[in-house]
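**Student:** Note that the protein sequences, when read in sequence, are chains A and B.
Using the working numbering, the first residue of the first sequence is number 11, and each one after it goes up by one.
Using the working numbering, the first residue of the second sequence is number 324, and each one after it goes up by one.
Be careful, since some hints might not be right.
Said to hold, decoys possible - Far from chain A, by Cβ distances over 10 Å, these chain B residues were calculated:
#1 W329
#2 I358
#3 K382
#4 L417
#5 S573
Claimed, not checked - Derived lysine to aspartate or glutamate pairs resembling EDC-like cross-links, with alpha carbons at most 16 Å apart:
#6 A/K365 <-> A/E316
#7 A/K75 <-> B/E511
#8 A/K292 <-> A/E375
#9 A/K95 <-> B/E511
Don't read these hints as lab results, they were simulated from the structure.
Ideal Cβ positions, reconstructed from N, Cα and C, are used throughout, including at glycine.
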Amino acid sequence: MRSMMEEYGEDKRGISLKNVTKRFGHLVVVDSVSFHVKEGAFMSLLGPSGCGKTTTLRMIAGFLKPERGTINIGGVDVTHLPPFKRNVGLVFQSYALWPHMTVFENISFGLKLDKIKPKAIKKKVGDVLSLTNLSGMENRYPRELSGGQQQRVALARALALDPAVFLLDEPLSNLDRKLRVYMRVELKQLQKKLGMTILYVTHDQEEALSMSDRVAIMNKGRIIQVGTPDEIYENPQSMFTADFVGNINMIEGVILEISGRLATFKTRDGFLLKVSLEKGMKPGARVNVAIRPEKLSVSRQPPEGENVFPGTVKFVDYFGSLIKYFVELETGFQLMAENQNLDARFNAGEKVYLKLEPGHCYFIEPEA
Amino acid sequence: MKIRNWIFRNPPLFLLLPGALLLASFLVIPVGWMIRVSFYQNLPGSYMKAAWILDNYKKFLGDLWYLRNVLYFSFKIAAFTTFLTILLAYPPSLYIAKSRGRKKQVLLTMTLSPLLIGMVCLIFGWIVIFRGQGLLNQVALWAGLISEPVKYLYSLKGIIICLVYISIPFAILNLLDSLGRLDPSLEEAAMNVGANRWQSFRHITFPLSTPGMFAGSLVVFALNFSAFAVPLMLGGERFPMMGLVIYIQSMELNNIPFAAAISMILLVSSMIILFLYSKAIHRHFFRRMGL
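The shape of chain A in the complex, shown without the other chains (with noise of 0.2 Å):
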């Protein structure tokens, strides 16, 4: 855990949030939630619909109030400011052209209002068409857009104004999956090129993954872990995050003995396993052991070291390039994993040897 001076200390530009607190009548939406985001820095809020994570977002934007907390951006407190007076760009879901003005119009509207002359205006809306490969579009209408170029358009508008940071609420979830998956490259690269702050609400964890700096992982209005793509995937520190993030194989049980940096752990139904031990365990500790569906191996063979268990291919479930085997234990356990499609392939039925190394196994807290 970082410490809060790291967090919130030095770095007083990029995003802010402090103790923010939303209710809608009795229900608290966003519950106390604080993160910082660094200047340049990409940071994703991943989570269920109905966490919170919008809500979270149109405060920021400052469409909604919060009860208690401030929110901080580019080191001014902007609390209590109107939406219109933050240095904000906000890129919606659906986008939100506006259908009566054209392509130039739209990007230009921001700059307008801000009393700029129309020759700079000219240069400023070419130079973001020409980042956002929309050259040429300036006199269509939204209508006359696909859905890629809508989305390149409403990011455009918001780079036009040269915000402090960026906000985007799942701006890629209305798009079909090959340019989705495009989309994000593209974003990416932009956003190392320009150094733009930008805080991306998505439940998608893939795309949470694959674009973030950093990943907030929130819950029932909560931020339940921040942490490097790699750190949420890797080292959940909760069941919401392990199971939310990815797919995983979920032990209980209780620790046997603990003997130097490795625990004897014996499950619900009695096999014993061997688990590397990073943080103080106890023995006799009710606790959760899990393991990614893709660190477990499968062979025909029993192979050598710890934590070896014969088991039953129950089900074969192809992805093409992966392949997911369901395999049941003795004592009726199941466990799922997930190999390459590379040489060896198991077909349902199958006597096999499952594998769970003990450095791939660790330890979460069962939920309350």
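With chain A's structure known, arrange chain B on it following the hints.
**Tutor:** Frame of chain A; chain B shown alone:
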């Protein structure tokens, strides 16, 4: 069997049938009959005689008094009340469009409630309010806005107030259709790029609500151009709007062919005005918005 097959093969046509029958019996036939009668010859003191003459049209169109004091006068009143109606209906429409849930339901019901009461009842209500010793004058006197009672009854003021009052629900319905469909994020996007509330209304919401405004003004104009009950009950013969003149000619002077001809002139001129109006609007606004 054949009929049943036909029904199953053409469900939309079949569903149109009751409406088409209703329209034919209550619109096409009466209007067709009216067109025919407008060419009849009027026999003063008697009835009318089947004929194919243009005298009735000549009498109206060839007389500057009818053109100026009836046709143009009706047009002026309709245009002015339409303008006033849209102006007054816009703010509440905006408010209702932004309301949610139960509040919206209640406001909408309140808006539409005048339509549930017969127009004659509404006008009698206004007479109570308008009278010399009526509510309006008493309140205005009490508030010190006026020093002696103002004459609303049998004056242009009363006619205009009442026409606007009756038109407002129609205007609100049409405006709501446009405003209610606007994505709230369009206005938020404007505020996000630095537009204050007024600027985002002026540049985003207002232009995008023009379809509803024009649809509303078409309906209201058509209603007020042919208004009859209001000028009859609140105005009298000193305010000869088209509808009233038709009534006087047919019911009081018993000149049915002339009344039919004026009705035709009302119908055709109303259609021409609405056609030109919507064409002009289309050229200026709608093409731009792709509507």
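**Student:** Work down the list of hints and note, for each, if the structure agrees.
**Tutor:** To see whether the hints hold, each was checked on the structure:
no.	hint	in the structure
1	W329	40 Å, holds
2	I358	42 Å, holds
3	K382	48 Å, holds
4	L417	18 Å, holds
5	S573	47 Å, holds
6	A/K365 <-> A/E316	8 Å, holds
7	A/K75 <-> B/E511	14 Å, holds
8	A/K292 <-> A/E375	12 Å, holds
9	A/K95 <-> B/E511	13 Å, holds
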